[in-house]
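**Q** Sequence:
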Amino acid sequence: SAPLARCSALSARGGETLAGFAGEKGRALKKTIADPQIAYILLAIATIGVYAHSFDNPFHYDDLHSIVDNPHIRNLGRVPSYFTDPTAFSVDAKNAMYRPLLLATFALNYAISGYEVWSYHLLALLLHLACAFLVGILSQQLLGNRWAAYFAAGLFALHPINSEPVNYISSRSEILAAFFVLLGFCAYLRRGHLWGLYVALAFAAGLLSKSTAVVLPALLLVYELIIRRRFPVAEKGLFAALAGLFVLYVSMVWSLIAKATVGAPVRPYDQQIWTQVKAMVFYLQLLVWPSPQNVDHQFQLSDSFFDPIAGSAACLLLSLVALALYHRHRHPLVLFCLGWFFIVLAPSSIVPLNVLVNEHRLYLPGAAFALFLAYAGLRLKQKIGAQCVGGLGLVILVASGYATVQRNGVWQDEYALWGDAAAKAPLMARPFIYLGGAYVRDGRVTEAIAAFSHVVRRDPNFSLAYVQLGKLYREQGRDDLAVDILEQGLQIDRSAPEIWAELAELYRLQQDWPKSLSAYEQAVEWAPNDPGLRNNLGNTYQVLGRGLDALSQHQQALTLMPEDAETLLNLGNAHKMLRQMHEALVSYRRALAVREDFAGAWFNMGYLLEEMGDSQQAMAAYHRAAALDPAFAAKASAYRKTLVGKP
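Going left to right, the sequence shown walks through residues 1014 to 1660 as the numbering used here numbers them.
Check the hints yourself; a few may be wrong.
Taking lysine-lysine and the PhoX-like style, the derived pairs with C-alpha atoms no more than 25 Å apart in a straight line are [what the hints assert, rightly or not]:
no., residue 1, residue 2
1, Lys1484, Lys1528
2, Lys1484, Lys1107
3, Lys1107, Lys1272
With beta-carbon atoms standing in for the labels, derived distance ranges [what the hints assert, rightly or not]:
no., residue 1, residue 2, range
4, Leu1077, Gln1400, 48 to 56 Å
5, Pro1527, Arg1592, 24 to 32 Å
6, Arg1087, Val1246, 45 to 53 Å
Note that these hints are calculated values from the structure, not bench results. All C-beta atoms, glycine included, are put in the ideal place defined by N, C-alpha and C.
Please work from the sequences and hints to get the whole structure.
**A** The structure is reproduced here in structure tokens:
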């Protein structure tokens, strides 16, 4: 027994030594991680790891008109024009928005990688990491606890609700605007050298990224009133400067604001307000438990407090506000975070937007949620201990990262994204519109017809569905069905120019020129600023021998789209029809100056030159047309034979 006792004593001393060694190593590791540089490097590594497999995710929906088809971003020399021309935001002037800094980042990406998506995703991820670091800095300032700040930064970086703005390239506007708002807030709290100037510059840059950055002055004011419990008299100069920037910005974009709020809002304000009251509660749920996520949530309109869901949501929100106000002296940060949440969501709640709820709108409110949860952890630590709270925080971060990895996979292609949306929101029309578009692109006609038919049944006001069905039926040779579906669409909305245009095209292919003309005239009446429709109407007038009417339409199209090669060709044809040979030649040459490889313009110019008696120049033009496009080779050869022997 004596040797056993000695062994037990040695074992106990060894255990104490091992425990002491482990404790020293644990303390050393904790001290190392507590260093801000190490902590944020680890956070960057974790975030990059979570998003590493998303760098091949393609462009989606709004990316197409604002990036892929947008010629304005293909030249860095165009960047200064972004600050004066809102129409540079999109290939379609109807989608004009004033976001010059956002466009500048797109132009930079295009200069780096063209339409290879990796650089777009890389820049979005770097900006997201920068926002996460700012959330950490801001939390350190407000909470005074380094570990709580690390948790807030980590939760913001890894929260799956932020996977949409990181994956969806056009939603970079949310990240960019949030970056400048957070930067301005941090500068306001740190009060370093020239801090007021930095706050003002951050505010201006935010406004140049997205209009939602207007919330920065309100956030600063709420911070002063709730956290510091004073009115910012000493900072009145800064707030006056921010107000001046706000007025200047509004004056610059007033036409866009007026259209969205007064001129042509997408829905009545009673529907907008009560629907967004419901949305506030929905957004809170997504922050707390982000499942199920969807690019197009199934969300319905409300228009009254007496709507059971809207009324219940209003009561819940009022209860949260009342509770936060009641505890404002003990927990002012809770009231501040709730105020942050409401303030940041106010612009998209007040202004009627096409989509009722969007996950990317939660990007900046998510910073307040991360701050609130970090504060809750500090309070909980006093009751259950630091180790339990630390373990719980680690579980939350790991679960968030895992959910984000899973969500990133949904953005891998159109079928995954919109198939997921359609499965989760079968009553919504938009997922089926985009699914149908993908089916059309890949030649899956039966599936495309099924998708667009679902849209027509679900949302009869979606005119694009009628157009797509009309095209599909026409391409199948089922003209009767095509006419029926298009006329069905016109019974719902006779002011839809795209339906009239498709009907006109159908009649054109049937060579029913009077009906085609009538349909094109209706299309132009409802969309007078569409140059493509005016060109098609002009061409129809030419077929019917109405040269002057054709000339007028092509001239108006050219006014809407100056120096467009196709329009100049059409204009030349109209002049030639009216025997205005010199004017026709000028138009053809202008078309070729715009697009030198335009085979149709070379061929028509050759035909014109032949009529004008310039056989040598005509031969050269025919030869150039045939060299550029084999489709013109036979015709050009025939015309060249008639010129042999002519002077």
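**Q** If a hint holds in the structure, say so; if it does not, say that too.
**A** Evaluated hints:
| no. | hint | verdict |
| --- | --- | --- |
| 1 | Lys1484 <-> Lys1528 | holds, 17 Å |
| 2 | Lys1484 <-> Lys1107 | holds, 24 Å |
| 3 | Lys1107 <-> Lys1272 | holds, 11 Å |
| 4 | Leu1077 <-> Gln1400: 48 to 56 Å | holds, 51 Å |
| 5 | Pro1527 <-> Arg1592: 24 to 32 Å | holds, 25 Å |
| 6 | Arg1087 <-> Val1246: 45 to 53 Å | holds, 50 Å |
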